[in-house]
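Protein chains in written order, with the working numbering: chain A, 3 to 134; chain B, 3 to 134.
If you are wondering where the hints come from, they were derived from the structure by calculation, not from laboratory data.
Here a beta-carbon is modelled for each residue, glycine too, at the ideal position from N, C-alpha and C.
Honestly, I wouldn't trust all of these hints.
Unchecked claim - Computed from the model, here is a short list of chain B residues facing chain A with C-beta under 10 Å: (1) F23; (2) M47; (3) L92; (4) I116; (5) H120.
Said to hold, decoys possible - Facing chain B, a subset of chain A residues (Cβ under 7 Å, in silico): (6) M3; (7) V14; (8) A38; (9) A63.
There are 2 protein chains.
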Amino acid sequence: MFTRVDHVGIAVRDLDAAISFYEKTFGVSFTYRHTAQDQGVEEAMGQVGESWIQLLKPLGAETPVGKFIESRGEGVHHIGYGVADVRAALEELKGHDIRLIDEHPRPGSRGASIAFIHPKSVGGVLVELVQE
Amino acid sequence: MFTRVDHVGIAVRDLDAAISFYEKTFGVSFTYRHTAQDQGVEEAMGQVGESWIQLLKPLGAETPVGKFIESRGEGVHHIGYGVADVRAALEELKGHDIRLIDEHPRPGSRGASIAFIHPKSVGGVLVELVQE
């Protein structure tokens with residue numbers, strides 16, 4: 003089902019500082035920046051090989067990423083895996099007794115179609131399926 | 003500096019159960035299994051595109067991964083990024099006031115040369131540099 007690691011989603015308090023840090027320290031260029039009101043984040047994405055580092059700044063303390071930072075601090079928030087067809091992947095997962103956050107695909111970053119799987123079903127890892 | 007996401011390191015309590023879950027649910031094949039006494043883990047690696055999912059089972063409660071699970075539960079433990087030359091990368095990072103866990107490269111999985119960077123220097127993300 004997984005074709006690649008699409009991205010590593012990282013919760014940060016200060017998006018500008020995090021972008022600057024990753025650029026200066028690790029040479030990652032952040033070519034995409036976007037505010038996703040529906041997900042409560044401002045995000046920036048920098049390419050690394052066939053994957054991306056996605057920096058996520060919460061738009062408020064009551065957003066999912068805001069609550070994550072409040073309880074666990076900054077750090078890895080979720081892993082996005084590439085799939086050929088997110089709708090087919092969701093159908094397949096429904097046969098595996100997996101707890102889905104999104105029953106149907108919805109629009110994600112960079113024009114992708116995405117769906118989240120609950121971390122309780124994946125050993126504590128919040129998983130995002132990404133169809134580019 | 004980063005050439006790709008080398009692997010996502012995931013802390014698990016039961017390695018056999020986790021391997022079986024990822025294989026049956028997501029179609030990931032775990033082709034490498036190894037006990038790393040020096041790191042206090044039994045690990046399994048499954049390829050996804052140019053990256054790997056690394057499942058890490060602690061060898062005891064007092065190991066780093068054992069303590070991680072005790073305090074935070076199962077989940078993403080660290081991110082490994084590919085670099086062309088881990089020794090050169092460490093030298094470059096020493097000029098950036100980064101807190102290194104490993105000042106010098108050491109042997110890692112699958113014959114790689116690796117070094118860890120402290121999560122306090124990388125916004126809560128434990129980062130591993132990996133030279134294959």
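So, going through the hints one by one against the coordinates:
1. F23: Interface hint status for B/F23: holds (7 Å vs cutoff 10 Å).
2. M47: violated (13 Å)
3. L92: Check failed: Cβ of B/L92 comes no nearer than 12 Å to chain A, outside 10 Å.
4. I116: Hint on B/I116: violated, closest Cβ of chain A at ~16 Å, above 10 Å.
5. H120: violated (13 Å)
6. M3: Holds - the Cβ of A/M3 comes within 7 Å of chain B, reaching about 5 Å at its closest.
7. V14: Check passed: Cβ of A/V14 comes within 6 Å of chain B, closer than 7 Å.
8. A38: At about 20 Å, which exceeds the 7 Å cut-off, the nearest Cβ of chain B leaves the hint on A/A38 violated.
9. A63: violated (17 Å)
Figure legend: structure checked against the earlier numbered hints; hints not met, in rising order: 2, 3, 4, 5, 8 and 9.
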